[in-house]
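J.: Chain residues, written in single-letter form:
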Amino acid sequence: GQQLNQSPQSMFIQEGEDVSMNCTSSSIFNTWLWYKQDPGEGPVLLIALYKAGELTSNGRLTAQFGITRKDSFLNISASIPSDVGIYFCAGRINAGNNRKLIWGLGTSLAVNP
Amino acid sequence: GAVVSQHPSRVICKSGTSVKIECRSLDFQATTMFWYRQFPKQSLMLMATSNEGSKATYEQGVEKDKFLINHASLTLSTLTVTSAHPEDSSFYICSAASGRVRNEQFFGPGTRLTVL
Chain A
1 GQQLNQSPQS MFIQEGEDVS MNCTSSSIFN TWLWYKQDPG EGPVLLIALY
51 KAGELTSNGR LTAQFGITRK DSFLNISASI PSDVGIYFCA GRINAGNNRK
101 LIWGLGTSLA VNP
Chain B
1 GAVVSQHPSR VICKSGTSVK IECRSLDFQA TTMFWYRQFP KQSLMLMATS
51 NEGSKATYEQ GVEKDKFLIN HASLTLSTLT VTSAHPEDSS FYICSAASGR
101 VRNEQFFGPG TRLTVL
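One line per chain: the protein sequences are A and B, in this order.
Mapping of the first sequence onto our numbering: position 113 corresponds to residue 113, and the numbering continues sequentially without gaps.
Mapping of the second sequence onto our numbering: position 32 corresponds to residue 32, and the numbering continues sequentially without gaps.
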């Protein structure tokens, strides 16, 4: 099925550093979502974006809905060890009752204390 | 709010047996639930969309007779893996759409299935 291009695939950073990851699509999306998944757990919704150009923060996390509606980025500022996990972007093309999401392949984040 | 539970969290079974996994929305009603499977170090793969009171919609390549889905109430959907084989071993995750958050999907903790 269709998937989003998510990069980077993995990151290894020092505690305190900022992190940036992004997703791109060949299709126009009307919703962008960012989830975090810890090992052996289900994904947890971090940020939801619904409007082109929208910039939304959740604590140290900031995400933006690209103006072309074909991309989104997630930034994490001042990373801490509990930021470790896999971050997935997900998007939705259609409005209305179709809630099916298209997923990125994930960005694995490791933080060195 | 928007808490989703799954049971069991892990199951080990013999080849040929059937396994039922439950997905419950604990503090909201969900007319739509989704079932995913996830292989190690891979993304989530949607298997089917489950709507309360109607038949599930399966994704291409997913056998509906193999993976039986029942969404009997607004808080419960079940996935039954029939005649399980080792290749069915995977991490199965459900999600439920919450009307409180623009019908976005909230995920259960997942079920690790191992078929011997």
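The set of hints was computed from the structure by calculation and includes no laboratory data.
Treat the numbers as computed from the prediction; the structure is a model and nothing was measured.
A few of these clues could be false.
For lysine-lysine, the following DSSO-like pairs were computed, each having C-alpha atoms within a straight-line distance of at most 30 Å [what the hints assert, rightly or not]:
| # | chain 1 | residue 1 | chain 2 | residue 2 |
| --- | --- | --- | --- | --- |
| 1 | B | Lys14 | A | Lys70 |
| 2 | B | Lys20 | A | Lys70 |
| 3 | B | Lys66 | A | Lys70 |
| 4 | B | Lys66 | A | Lys51 |
| 5 | B | Lys66 | B | Lys20 |
| 6 | A | Lys100 | A | Lys70 |
| 7 | A | Lys100 | B | Lys66 |
| 8 | B | Lys41 | B | Lys66 |
| 9 | B | Lys20 | B | Lys55 |
| 10 | B | Lys64 | A | Lys70 |
Just some of the chain B residues that point at chain A, by a computed CB distance under 10 Å [what the hints assert, rightly or not]:
| # | residue |
| --- | --- |
| 11 | Gln6 |
| 12 | Arg10 |
| 13 | Phe28 |
| 14 | Thr32 |
| 15 | Tyr36 |
| 16 | Ser43 |
| 17 | Glu52 |
| 18 | Gln105 |
All C-beta atoms in this analysis are idealised placements derived from N, C-alpha and C, irrespective of residue type, glycine included.
J.: Does Lys20 of chain B sit within 30 Å of Lys66 of chain B, going by the straight-line distance between their CA atoms?
T.: holds, 12 Å
J.: So, as I understand it, the hint says Gln105 of chain B touches chain A; can you test that by seeing if any CB pair is closer than 10 Å?
T.: Because about 7 Å separates Gln105 of chain B from the closest Cβ in chain A, which is inside the 10 Å limit, the hint holds.
J.: Are the Cα positions of Lys66 of chain B and Lys51 of chain A separated by 30 Å at most?
T.: Distance ~39 Å between Lys66 of chain B and Lys51 of chain A Cα, so the pair is violated.
J.: Given a cut of 10 Å on the nearest C-beta pair, is the interface hint for Phe28 of chain B held or broken against chain A?
T.: violated, 14 Å
J.: Against chain A, run the beta carbon of Gln6 of chain B and see if the smallest gap drops under 10 Å.
T.: holds, 8 Å
J.: With a cut-off of 10 Å on the beta carbons, see whether Ser43 of chain B makes it to chain A.
T.: holds, 5 Å
J.: Quick one, are Lys20 of chain B and Lys55 of chain B close enough, alpha carbons at most 30 Å?
T.: Holds, at roughly 17 Å.
J.: With a cut-off of 30 Å on the C-alpha distance, tell me whether Lys64 of chain B and Lys70 of chain A pass.
T.: Roughly 33 Å separates the two Cα atoms, so the pair is violated.
J.: If you draw a straight line from the CA of Lys100 of chain A to the CA of Lys66 of chain B, is it 30 Å or shorter?
T.: OK: Lys100 of chain A and Lys66 of chain B at ~21 Å, within 30 Å.
J.: Given the hint that Lys20 of chain B pairs with Lys70 of chain A, does the C-alpha gap stay at or below 30 Å?
T.: violated, 39 Å
J.: Restraint: Tyr36 of chain B near chain A, CB-CB cut 10 Å. Satisfied or not?
T.: Interface hint status for Tyr36 of chain B: holds (9 Å vs cutoff 10 Å).
J.: Given the hinted pair Lys66 of chain B and Lys70 of chain A, is their Cα-Cα distance within 30 Å?
T.: Cα-Cα ~36 Å, so violated.
Violated hints, listed in ascending order, are 1, 2, 3, 4, 10, 13 and 17; each of the other numbered hints is respected by the structure.
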